[in-house]
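Colleague: Here are the chains, one letter per residue:
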Amino acid sequence: MDAILQVENIHTFIGQFHILQDVSLTVERGSITVLLGRNGAGKTTTLKSILGLTPPSEGRVIFDGQDIRGRRAFEIAAMGIGYVPEHRAIFRDLTVAENLKIAERRRGDLDRKADFIFGLFPDLKRLYRLPGNHLSGGQQQMLAIARALVPDNKLLLIDEPSNGLAPVLIEQMMEAIRGLSATTTVLLVEQNFIMASQLAQAYYILDDGKTVHSGAMADLVKDKALIHRYLGAVGESVGGER
Amino acid sequence: MASQSKSPKRFAALDSLLQGLKRSRGSLLVLAVLILFPFVFARITGTSVNEGPAKYWQGQFIAVFIMAIFAMSYDLLLGYTGILTFGHAAFFGGGAYTMALFLTHVAPRFVKTYRVSLPGGLDVTEPSAFLLAILLVVVVSLVLGLLFSIVSVRVKGVYFAIITLAMAEAIHILSKATDFVKWTGADEGLHGVPVPAWINPTQYRLRFYFIALAFAVVMYWLARRIVNSPTGRIFVALRENESRARMIGYNPALYRTIAFVVSALIAGLAGALFSVWTVSATPSMTSAVTTVNALIMTILGGMGTLVGPMLGAAVLEFFGQFLYQWFGARWPLVFGIIFIVLVMFLPYGIVGTWRLRSAQWKRRWSLRKQRAAAQE
Numbered sequence: 004m005d006a007i008l009q010v011e012n013i014h015t016f017i018g019q020f021h022i023l024q025d026v027s028l029t030v031e032r033g034s035i036t037v038l039l040g041r042n043g044a045g046k047t048t049t050l051k052s053i054l055g056l057t058p059p060s061e062g063r064v065i066f067d068g069q070d071i072r073g074r075r076a077f078e079i080a081a082m083g084i085g086y087v088p089e090h091r092a093i094f095r096d097l098t099v100a101e102n103l104k105i106a107e108r109r110r111g112d113l114d115r116k117a118d119f120i121f122g123l124f125p126d127l128k129r130l131y132r133l134p135g136n137h138l139s140g141g142q143q144q145m146l147a148i149a150r151a152l153v154p155d156n157k158l159l160l161i162d163e164p165s166n167g168l169a170p171v172l173i174e175q176m177m178e179a180i181r182g183l184s185a186t187t188t189v190l191l192v193e194q195n196f197i198m199a200s201q202l203a204q205a206y207y208i209l210d211d212g213k214t215v216h217s218g219a220m221a222d223l224v225k226d227k228a229l230i231h232r233y234l235g236a237v238g239e240s241v242g243g244e245r
Numbered sequence: 265m266a267s268q269s270k271s272p273k274r275f276a277a278l279d280s281l282l283q284g285l286k287r288s289r290g291s292l293l294v295l296a297v298l299i300l301f302p303f304v305f306a307r308i309t310g311t312s313v314n315e316g317p318a319k320y321w322q323g324q325f326i327a328v329f330i331m332a333i334f335a336m337s338y339d340l341l342l343g344y345t346g347i348l349t350f351g352h353a354a355f356f357g358g359g360a361y362t363m364a365l366f367l368t369h370v371a372p373r374f375v376k377t378y379r380v381s382l383p384g385g386l387d388v389t390e391p392s393a394f395l396l397a398i399l400l401v402v403v404v405s406l407v408l409g410l411l412f413s414i415v416s417v418r419v420k421g422v423y424f425a426i427i428t429l430a431m432a433e434a435i436h437i438l439s440k441a442t443d444f445v446k447w448t449g450a451d452e453g454l455h456g457v458p459v460p461a462w463i464n465p466t467q468y469r470l471r472f473y474f475i476a477l478a479f480a481v482v483m484y485w486l487a488r489r490i491v492n493s494p495t496g497r498i499f500v501a502l503r504e505n506e507s508r509a510r511m512i513g514y515n516p517a518l519y520r521t522i523a524f525v526v527s528a529l530i531a532g533l534a535g536a537l538f539s540v541w542t543v544s545a546t547p548s549m550t551s552a553v554t555t556v557n558a559l560i561m562t563i564l565g566g567m568g569t570l571v572g573p574m575l576g577a578a579v580l581e582f583f584g585q586f587l588y589q590w591f592g593a594r595w596p597l598v599f600g601i602i603f604i605v606l607v608m609f610l611p612y613g614i615v616g617t618w619r620l621r622s623a624q625w626k627r628r629w630s631l632r633k634q635r636a637a638a639q640e
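These protein sequence lines map, in sequence, to chains A and B. Those letters in the first sequence? Residues 4 to 245, by my numbering. Those letters in the second sequence? Residues 265 to 640, by my numbering.
Note that these hints are calculated values from the structure, not bench results. Ideal Cβ placement from N, Cα and C applies to all residues, glycine included. Any given hint might turn out to be false.
Said to hold, decoys possible - Okay, the calculated beta carbon distance ranges per label pair:
#, chain 1, residue 1, chain 2, residue 2, range
1, B, Asp279, A, Asp155, 32 to 42 Å
2, A, Asp118, B, Leu300, 28 to 38 Å
3, A, His137, B, Arg287, 14 to 24 Å
4, A, Glu174, B, Leu281, 47 to 57 Å
5, A, Glu178, B, Leu278, 21 to 31 Å
6, B, Leu281, A, Ala100, 53 to 63 Å
7, A, Ser27, B, Arg287, 51 to 61 Å
8, A, Arg232, B, Arg628, 49 to 59 Å
9, B, Glu390, A, Ala81, 26 to 36 Å
10, B, Leu281, A, Lys128, 21 to 31 Å
11, B, Ser622, A, Gly182, 36 to 46 Å
12, B, Ala276, A, His137, 29 to 39 Å
13, A, Gly111, B, Leu382, 39 to 49 Å
14, A, Ala100, B, Glu390, 43 to 53 Å
One chain only, chain A, in its complex shape (with noise of 0.2 Å):
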């Protein structure tokens, strides 16, 4: 298979803080993969990682064949990977149509795909002049996303994109984010293991800074005992009820 991105053996400190103690994974061009942890296990820190936002101190990221550890985030973001973050973190100064216009990385990138983005999300067609501060949670975690399709990225860094949204926005999002998955790659960070195991066709479980288990998504759903060290509860009972 072709990987897209290896993270090897990478270690990052925030602070004096040792939060990744030797990460390794790899996301193959074209799928959808999903990070899974408890709570504090890394999975955010990793994303940030790759991106340069908290740089690793050790180890080797390596993006579409070259070594991005130790670049700037901005140059990182600028050879085509797409992240976004918890909680919405879109331009709430900015209109819906400003959000995406500042994304693009060659002019007419908004042209090209505006149809494809409001084919996955039509709100947004609808809000285009509104100002992103008078958009609702969901709407402006979709805007979040869209944002990051704008350029033409080889991989999506998406953190927790059903963190508060309502049961029927998780539907709508799941479509979208499979919907992505045609044109680019995905790295996903999901606590909704209903969503992530609907999703992804690869795991990585993080714990306590390290990954701990991977493997194909199919086989996790099965092991009942694994979700359950790792998931905890809410894991266990989800994965019980497929």
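Starting from the known structure of chain A, fit chain B onto it as the hints suggest.
Modeller: Relative to chain A, chain B alone:
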């Protein structure tokens, strides 16, 4: 969008021009009033347009135009890019001193030694000396802007503000250092700067009024173009959340530098014009009070609006005049109290609060209309 593409192409340019005029009708109205002001004022008071109260009030407006542009340049940093700096006087004073020093010490020699004439034989030595002075002001402003932005890469927020204060104070100290008394006049400053006769503000007040007005219009247009451009949107994005801007691939340092250099350039040119207007350059132009004035004008008028700080400059200048008449030299004390009250009740400044309120009124109005329609 569909209707636009259907309309014939040759009307598209005219259409967009008309649209543009319609959108900026407020500013055009203000501009028309300011163009007519000297003549209308002279007519009303029954005096000549070139002397007496007409001349005096033209002078007041000239000062407002220049300070308005200075305040507006501050708004590019504070209001749009979210950079708090206490060093803006360095750009203003830098421009003023560059202009005054050049006109006092270099221009006379230049005029004596060189002779510049157009192909037709027209002697343009003096205008080219003045042009050279402006170019020098541009260069000095750019260098100062770069200097400040280099620091902004390393230090953030309040710490950065304090460092800019120190940098501007260094220039202030330099401007009144006795070591250079021969050139700068030290504490006294430079007075009676030999400005070119055709731009002499005492002799040709009305002409200078229009020069200052034209300068203000051009600078405002330039700033408006920048904040409405994609670069301007990145400024706003940086103000709101720098790390989010970085996440989508923008180098914050680069855009902060652009903001700084543009702001320094506009402030420097405003300072240069101010030194021509007052035919002087004094240490007060490089002092922290000058920065604080820009800050007050910006907050008073409304941050992040461009027109707000310009209005703030007008309010501060004219209001200051009246307060001075009533309270004498203690007027800043009274103004300080008024300023505190204004900030408490108009936290977004005059223009900012107006925009907020008018949007609320509009929403309430349309709601009421909807309800009335529903009842019927």
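Colleague: Hints first: check each against the structure and report whether it holds.
Modeller: Verification of the hints:
1. For the pair aspartate 279 (chain B) and aspartate 155 (chain A), the supplied restraint of 32 to 42 Å holds, since their beta-carbon distance comes to about 34 Å.
2. Between aspartate 118 (chain A) and leucine 300 (chain B), the C-beta spacing of about 51 Å breaks the proposed range 28 to 38 Å.
3. Checked against the hint of 14 to 24 Å, the pair histidine 137 (chain A) and arginine 287 (chain B) passes, with Cβ atoms roughly 22 Å apart.
4. Between glutamate 174 (chain A) and leucine 281 (chain B), the C-beta spacing of about 48 Å keeps the proposed range 47 to 57 Å intact.
5. At about 45 Å, the beta-carbon gap between glutamate 178 (chain A) and leucine 278 (chain B) misses the expected band of 21 to 31 Å.
6. Distance hint check: the CB atoms of leucine 281 (chain B) and alanine 100 (chain A) are about 23 Å apart, inconsistent with the given range 53 to 63 Å.
7. Taken as a hint, the range 51 to 61 Å holds for the pair serine 27 (chain A) and arginine 287 (chain B), whose Cβ atoms sit roughly 56 Å apart.
8. Roughly 57 Å separates the CB atoms of arginine 232 (chain A) and arginine 628 (chain B), a value that falls within the hinted 49 to 59 Å.
9. In this structure the hint that glutamate 390 (chain B) and alanine 81 (chain A) lie 26 to 36 Å apart at CB is violated, the actual value being about 50 Å.
10. Checking the proposed 21 to 31 Å range against leucine 281 (chain B) and lysine 128 (chain A) shows it holds: the Cβ atoms sit about 29 Å from each other.
11. Hint check: serine 622 (chain B) to glycine 182 (chain A), Cβ distance near 41 Å, so the stated range 36 to 46 Å holds.
12. At about 31 Å, the CB distance of alanine 276 (chain B) to histidine 137 (chain A) agrees with the hint of 29 to 39 Å.
13. Evaluation of the 39 to 49 Å hint for glycine 111 (chain A) and leucine 382 (chain B) yields a pass: the beta carbon distance comes to about 46 Å.
14. A hinted range of 43 to 53 Å for the beta carbons of alanine 100 (chain A) and glutamate 390 (chain B) is consistent with their spacing of about 51 Å.
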